[in-house]
Amino acid sequence: MYSAGLMGLGLFLVCLDQGQSLLRVLRVMTVAGSFIVAALLMQIESEGRDHLLLPAVSLIAGCGVVFLWRLNPESASRQIIWMLMGSALMIIVYYLVNDVRDLARYKYTAGVGAIALMVATMIWGQEKGGARLWLGIPDVVSFQPGELAKVLICVFLAGYVADKGELIRSHSKDSGLLAPLALRYMGPLLLVVVFSLAVFVLLRDLGAALLFFGLFVAVSYLATGRKRYAALMTVLFVAGAVAAYYYFPHVGRRMAAWLTPHADPYGAGHQILQVLFGLAAGGVSGVGFGRGLPDSLPAAETDAILAVIGEEIGLLGATGLMLLFVVVSYRTFAIAWQSKDRFGALLAANLGIVFALQTLVIAGGLLRLIPLTGITLPFVSYGGSSVVVNFIALGLILTVSRDCRPWPSQRTPDNNHRVARPSTVVMQILDN
Amino acid sequence: MHDLSNGIRKLVAWPLAGFIVVCLTLTYWQVIAAPQLNHAEQNNRSERMRRRVQPGRLLTRDGLVILDAREGLKGWERAYSDSEAFCHLAGYNSRSGLQKTLSEVFYAQGRYAHVWEDILHGRQTGNDVYLTINSRLQQRAHALMRGKRGAVIAIDPRDGALLALYSAPTYDAATITKSEEAYNVFTYDPAKPEINRPLQGMYPPGSVFKIFTAAAAVDAGLADPGKKLHCAGAERIAGTLVRCRKAAGHGDLTLRRALADSCNVAFAKLGDELGPDRFRSYVKQFHLLDAANLPLPTSTGRMADFKGFKGNMQLVEASFGQGATLITPLSIARLTAALARGGEVIQPYLVDHVQTPAATRLPSGRGKKLGRAVSPETAQAVAGMMRSVVEHGTAGVADIRGVRVAAKTGSAQNPSGDPHAWFTCFAPYDEPVVVVTVLVENGGSGARAAGPIAVEILRAALETGT
Numbered sequence: 003m004y005s006a007g008l009m010g011l012g013l014f015l016v017c018l019d020q021g022q023s024l025l026r027v028l029r030v031m032t033v034a035g036s037f038i039v040a041a042l043l044m045q046i047e048s049e050g051r052d053h054l055l056l057p058a059v060s061l062i063a064g065c066g067v068v069f070l071w072r073l074n075p076e077s078a079s080r081q082i083i084w085m086l087m088g089s090a091l092m093i094i095v096y097y098l099v100n101d102v103r104d105l106a107r108y109k110y111t112a113g114v115g116a117i118a119l120m121v122a123t124m125i126w127g128q129e130k131g132g133a134r135l136w137l138g139i140p141d142v143v144s145f146q147p148g149e150l151a152k153v154l155i156c157v158f159l160a161g162y163v164a165d166k167g168e169l170i171r172s173h174s175k176d177s178g179l180l181a182p183l184a185l186r187y188m189g190p191l192l193l194v195v196v197f198s199l200a201v202f203v204l205l206r207d208l209g210a211a212l213l214f215f216g217l218f219v220a221v222s223y224l225a226t227g228r229k230r231y232a233a234l235m236t237v238l239f240v241a242g243a244v245a246a247y248y249y250f251p252h253v254g255r256r257m258a259a260w261l262t263p264h265a266d267p268y269g270a271g272h273q274i275l276q277v278l279f280g281l282a283a284g285g286v287s288g289v290g291f292g293r294g295l296p297d298s299l300p301a302a303e304t305d306a307i308l309a310v311i312g313e314e315i316g317l318l319g320a321t322g323l324m325l326l327f328v329v330v331s332y333r334t335f336a337i338a339w340q341s342k343d344r345f346g347a348l349l350a351a352n353l354g355i356v357f358a359l360q361t362l363v364i365a366g367g368l369l370r371l372i373p374l375t376g377i378t379l380p381f382v383s384y385g386g387s388s389v390v391v392n393f394i395a396l397g398l399i400l401t402v403s404r405d406c407r408p409w410p411s412q413r414t415p416d417n418n419h420r421v422a423r424p425s426t427v428v429m430q431i432l433d434n
Numbered sequence: 069m070h071d072l073s074n075g076i077r078k079l080v081a082w083p084l085a086g087f088i089v090v091c092l093t094l095t096y097w098q099v100i101a102a103p104q105l106n107h108a109e110q111n112n113r114s115e116r117m118r119r120r121v122q123p124g125r126l127l128t129r130d131g132l133v134i135l136d137a138r139e140g141l142k143g144w145e146r147a148y149s150d151s152e153a154f155c156h157l158a159g160y161n162s163r164s165g166l167q168k169t170l171s172e173v174f175y176a177q178g179r180y181a182h183v184w185e186d187i188l189h190g191r192q193t194g195n196d197v198y199l200t201i202n203s204r205l206q207q208r209a210h211a212l213m214r215g216k217r218g219a220v221i222a223i224d225p226r227d228g229a230l231l232a233l234y235s236a237p238t239y240d241a242a243t244i245t246k247s248e249e250a251y252n253v254f255t256y257d258p259a260k261p262e263i264n265r266p267l268q269g270m271y272p273p274g275s276v277f278k279i280f281t282a283a284a285a286v287d288a289g290l291a292d293p294g295k296k297l298h299c300a301g302a303e304r305i306a307g308t309l310v311r312c313r314k315a316a317g318h319g320d321l322t323l324r325r326a327l328a329d330s331c332n333v334a335f336a337k338l339g340d341e342l343g344p345d346r347f348r349s350y351v352k353q354f355h356l357l358d359a360a361n362l363p364l365p366t367s368t369g370r371m372a373d374f375k376g377f378k379g380n381m382q383l384v385e386a387s388f389g390q391g392a393t394l395i396t397p398l399s400i401a402r403l404t405a406a407l408a409r410g411g412e413v414i415q416p417y418l419v420d421h422v423q424t425p426a427a428t429r430l431p432s433g434r435g436k437k438l439g440r441a442v443s444p445e446t447a448q449a450v451a452g453m454m455r456s457v458v459e460h461g462t463a464g465v466a467d468i469r470g471v472r473v474a475a476k477t478g479s480a481q482n483p484s485g486d487p488h489a490w491f492t493c494f495a496p497y498d499e500p501v502v503v504v505t506v507l508v509e510n511g512g513s514g515a516r517a518a519g520p521i522a523v524e525i526l527r528a529a530l531e532t533g534t
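The listed protein sequences derive, respectively, from chains U and V.
Count along the first sequence from 1, add 2, and you get the number used in the working numbering.
Count along the second sequence from 1, add 68, and you get the number used in the working numbering.
Hints listed in this document are in silico derivations from the structure and should not be mistaken for laboratory results.
Mixed in with the good hints there might be a few duds.
Unchecked claim - DSSO-like, lysine-lysine: derived pairs with alpha carbons at most 30 angstroms apart:
(1) LYS246/V x LYS142/V
(2) LYS78/V x LYS166/U
(3) LYS168/V x LYS142/V
(4) LYS216/V x LYS246/V
(5) LYS168/V x LYS436/V
(6) LYS260/V x LYS246/V
(7) LYS168/V x LYS437/V
(8) LYS229/U x LYS78/V
(9) LYS78/V x LYS342/U
Take the sequences, apply the hints, and build the full model.
Structure follows, in structure tokens:
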């Protein structure tokens, strides 16, 4: 309720700033309303459900809509429609999936579907902004299959590891220190690394490559409980990336923009420099809402929206937003480790990894920690596919949370599982 | 099952560490590296930000707007009024004059920002800058200096406020920025109109410098106004041949008479008697070679170091304002003001106050007191001798009805042609409220070329009550 109120206030301020009619404000308020409806609908349901995720996500989404409205009211209106669609799908997923384990049966369907989507994009994909990420009828309808593929891969990996986990574990248990070097382990590991690099080089999408790679590393760790696989994969991936730097010119250009943006300030280094100039102009408290210069930022509505936020509401605002992302990621992981079901736990963990990694990849890219890559900031950036799919993923996570062990207040004395403490406190504050 | 739960818990540390790194990096770019990024060469944000802000105006103390803001095609633009009289103050673009040095004030940036005030009122407006300049004096100086090259300075010696700061020749900001051709004509003009002569011009001070030598000698206890001196017209002092402006010589005369008649020989002897160390220390105490602490570019003075085998010769030449000494007109005005206010040096100031759009006055610097150069008795004695210059000496032009003026003239030899005409004065003698210093490049006699202008400015200042 608070989040909806805050969002309404934010939008009211924007409209005041731009001298727009109150009618449009009301239209925007419907999003805030939809979150309340969603929360109420889910409130009726079980006791185990997470009470913090939805408010945190609605705050993030609200912040996104407010800033999109400030950048371009038309995009914001479209984003609102997608958010409504996403919320509806989230509720449908939540009510349709009675038991999350039912999904496990479709793991191969999901896996094949994901690969089919990726291959289809490679063949028929439309290029926009240097990356081939779109599928559909040109100028009529198009979506980013990569977004949907992420969720499908999460479902597939969760199902596969839940099923075969014990087998993988028993295989890896008997091996010694040099076991990772044995051929039968090298095969699948190399396959995964090569797949990630292929996404990077062929689709020119470093963000997705990092995302898939991080997911595979994390899943291999969860499946085997051994860190050395993760380490080995990382070494191979970095080696592959270095090789790509030397052999593929577009990779080299991307790296040069990252390492030496000042060398080409009006070409390759333009975007990252403008992002950093914007952040620097913002300082601690920001230049003020609606007073920044987002028109000097390429892709301000999508990839670089965090830079606009950092410029206008400063370090305080941007860090606050990051904390909300921490809350969402942390709650997702908490749901994963509290889940009674192996598949549910893995699914929530996978979705949590994708969510956190996606946030970190775009934030890290904008902050010049890693090469900048076109990827959305979940729930904030403008983009229909991203918003809708993220809401579906949220629906899945909430479905998993239904089967969690009860919340501390409802715990019986003999149930001694550690539950995330700080989040429960925040939960009680937010959820009333 | 339990293993999986533990594995997930351990995994959480990685994204959490990632978020911490992101927040720390955010802090790095937005706080630690921000000043460097904000001033980066490729960063044109401040320039673009500026066009959206309605810049503050520049006004004289009496409220005349000399630099205004008007809305143009590409955002806010500058509008100049009475540019020829005020061009060296207002400048001609954002990279000249006070527009450059006070841009933070005009565009409400940095410590002059008032973001919340703007947000509450739904506007972006800069701050107005009020100068200490009196528009009537400045306009009068412009009228009097027409066709001449030089500088006019008026200071209120009581607080150091600059009442007029005028440089000739001038230009019209709107005209020279109209076309590239006009701008080229302006920059290649041999008269160099872009130089702000009162602050940047470097001139030999000539005879006006004698008030300094007199003050130093009196303060050091070597002389009093009645001290007996002798002038033979041309004498060899410390190995230097010094010629007096009166070829036959003044014969026996007092120090008072020597200043009134501007006798070079007498002052050469005084300087020689003072010696290089005391001479230098008084130069320092009067801050003669120091730049002015103003928001406009200023030059520092230059003087020989009085060392080596030519040291004595240099000292003797410096004593009557010739030789290697080069000084700004502002230094002479500051010296005169120090003597007018009893020996205490004051740094002139130009910005009276800054006013935000909500009419809040922001504090700005007053004339900073730089310490005592000579005793009040010395200052009194030199002021008395300067009065005699008006009553019985070269500055008779300033002997006007109704007000007692103290003054000193100068005609400085220079390599570029006729002597530079100097005139520095203050009034009223008993209770000085205004100091005027005028320099006319190659004007010839100080009394004839610079004197009447100074007297006119003095009159105007006393009429308007500063």
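Against the structure, the hints:
Pair hint LYS246/V plus LYS142/V holds up; C-alpha atoms about 16 angstroms apart against a cutoff of 30 angstroms. Restraint check for LYS78/V and LYS166/U: satisfied, since their Cα atoms lie roughly 21 angstroms apart, inside the 30 angstroms limit. Restraint check: the Cα-Cα separation between LYS168/V and LYS142/V comes to about 19 angstroms, which is no more than 30 angstroms; the hinted pair holds. Annotation: proposed proximity of LYS216/V to LYS246/V holds, straight-line Cα distance about 25 angstroms (limit 30 angstroms).
Of the supplied pair hints, the one linking LYS168/V and LYS436/V holds, its CA atoms being roughly 23 angstroms apart against a limit of 30 angstroms. With a CA separation close to 19 angstroms, the supplied pair LYS260/V and LYS246/V stays within the 30 angstroms bound. Of the supplied pair hints, the one linking LYS168/V and LYS437/V holds, its CA atoms being roughly 26 angstroms apart against a limit of 30 angstroms. Between LYS229/U and LYS78/V the alpha-carbon distance is near 11 angstroms, which keeps this suggested pair within the 30 angstroms criterion.
This hinted pair checks out: LYS78/V and LYS342/U have alpha carbons roughly 18 angstroms apart, not beyond 30 angstroms.
Violated hints are absent here; each numbered hint is respected by the structure.
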